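Q: Listed below, chain by chain, are the residues.
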Amino acid sequence: MKICRVEKPLVATNRIPGLEHRHLQVVLDGKSRMVAVDAVGCTPGDWVLCVGSSAAREAAGHKDYPSDLTIVGIIDHWAED
Amino acid sequence: MKICRVEKPLVATNRIPGLEHRHLQVVLDGKSRMVAVDAVGCTPGDWVLCVGSSAAREAAGHKDYPSDLTIVGIIDHWAED
Amino acid sequence: MKICRVEKPLVATNRIPGLEHRHLQVVLDGKSRMVAVDAVGCTPGDWVLCVGSSAAREAAGHKDYPSDLTIVGIIDHWAED
Amino acid sequence: MKICRVEKPLVATNRIPGLEHRHLQVVLDGKSRMVAVDAVGCTPGDWVLCVGSSAAREAAGHKDYPSDLTIVGIIDHWAED
Amino acid sequence: MKICRVEKPLVATNRIPGLEHRHLQVVLDGKSRMVAVDAVGCTPGDWVLCVGSSAAREAAGHKDYPSDLTIVGIIDHWAED
Numbered sequence: 032m033k034i035c036r037v038e039k040p041l042v043a044t045n046r047i048p049g050l051e052h053r054h055l056q057v058v059l060d061g062k063s064r065m066v067a068v069d070a071v072g073c074t075p076g077d078w079v080l081c082v083g084s085s086a087a088r089e090a091a092g093h094k095d096y097p098s099d100l101t102i103v104g105i106i107d108h109w110a111e112d
Numbered sequence: 032m033k034i035c036r037v038e039k040p041l042v043a044t045n046r047i048p049g050l051e052h053r054h055l056q057v058v059l060d061g062k063s064r065m066v067a068v069d070a071v072g073c074t075p076g077d078w079v080l081c082v083g084s085s086a087a088r089e090a091a092g093h094k095d096y097p098s099d100l101t102i103v104g105i106i107d108h109w110a111e112d
Numbered sequence: 032m033k034i035c036r037v038e039k040p041l042v043a044t045n046r047i048p049g050l051e052h053r054h055l056q057v058v059l060d061g062k063s064r065m066v067a068v069d070a071v072g073c074t075p076g077d078w079v080l081c082v083g084s085s086a087a088r089e090a091a092g093h094k095d096y097p098s099d100l101t102i103v104g105i106i107d108h109w110a111e112d
Numbered sequence: 032m033k034i035c036r037v038e039k040p041l042v043a044t045n046r047i048p049g050l051e052h053r054h055l056q057v058v059l060d061g062k063s064r065m066v067a068v069d070a071v072g073c074t075p076g077d078w079v080l081c082v083g084s085s086a087a088r089e090a091a092g093h094k095d096y097p098s099d100l101t102i103v104g105i106i107d108h109w110a111e112d
Numbered sequence: 032m033k034i035c036r037v038e039k040p041l042v043a044t045n046r047i048p049g050l051e052h053r054h055l056q057v058v059l060d061g062k063s064r065m066v067a068v069d070a071v072g073c074t075p076g077d078w079v080l081c082v083g084s085s086a087a088r089e090a091a092g093h094k095d096y097p098s099d100l101t102i103v104g105i106i107d108h109w110a111e112d
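Keeping their order, the protein sequence lines are chains A, B, C, D and E. If you're matching positions, the first sequence starts at 32 in the working numbering and goes up one per residue. If you're matching positions, the second sequence starts at 32 in the working numbering and goes up one per residue. If you're matching positions, the third sequence starts at 32 in the working numbering and goes up one per residue. If you're matching positions, the fourth sequence starts at 32 in the working numbering and goes up one per residue. If you're matching positions, the fifth sequence starts at 32 in the working numbering and goes up one per residue.
Note that these hints are calculated values from the structure, not bench results. Just so it is clear, the structure is predicted and the values come from calculations on it, not from any experiment. The hints are all genuine.
Copies of the same chain look alike in the list, so a pair counts if it works inside one copy or between any two.
In the DSBU-like style, the derived pairs of lysine-lysine whose C-alpha atoms are separated by at most 35 Å in a straight line are:
| # | residue 1 | residue 2 |
| --- | --- | --- |
| 1 | K39 | K94 |
| 2 | K94 | K62 |
| 3 | K62 | K39 |
Put together the whole structure using the sequences plus the hints.
A: Structure representation (structure tokens):
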């Protein structure tokens, strides 16, 4: 899993039906920016745990959900370095 | 998911039958160029959300579709930096 | 599989139910920091073998476990270079 | 999918039975060299479309085929930059 | 698939039962060091073909085997550059 920081929500009105209405968050993994499905309810600035690969699908709710990166936890304390 | 910009369509007449006649788009992820299956109907210049890993298959329509990168949404507003 | 060094446990109280109460470890793969599910019981400083991709799910216990990196072995002797 | 250039065939006589007798091609993705299963019949110098991840298995013919990179199309026109 | 060079066997006595007693090899992919399950019987110095992603599981013997990198062939002739 990756340790990422939540930057802001992402709005994509024109999306495939499979993405449903889940919240998407722009996250920073070091300096690279990615988008993750939010499965825990986080807010900008949170340090979160993101799971990728095929596990991101189940983590987002069910096996057919088309996610390759899902936020699965909020880290209690994290000091960036 | 990755945030990419659509560059142009890709033409590959000689392809495996499994790829069907779906539209393929050349997308830019920062400076690296990749090809994604277009599941939303986008045009060059659009900022899009691309899903990879095994989720790209379902996102392209069905589990047996041979995609490893599928465009699943068009981002409403995006400012490149 | 990757050869990583265990740094410290990671605490994420607010997590999806699927992660259960498994121990999570911050591991170093060279200079990059990641989080792995601990399936062997390791301690900080150990050199470990981490499996990623979809194999991380089975390695963590069962096919539905949402892991993309699981510690599957402790290396007997390892000299960093 | 990746845009690669075919360099030359790869010969590996001692291989697992699962690889069968499919043709393997050394391909260049920018400056990095990889090996892909040839599902279209290409020749050195061709610009091809390669699919990775779990989709490479189906693209190579069937779900149990052990490929993580399969050539699925020949690009009609490509100008390297 | 990746073209790697076999460096040496890896010993990890404390491992999850799922890894069984298969041989593990430290392999070099350019300058990065990884560990692969040996499905062909290779020796240090051999140039080998390694498959990753979910295909590494089937290549290691069966679908539940927790590998993300498996040696599937020995390359007949390879000149490093």
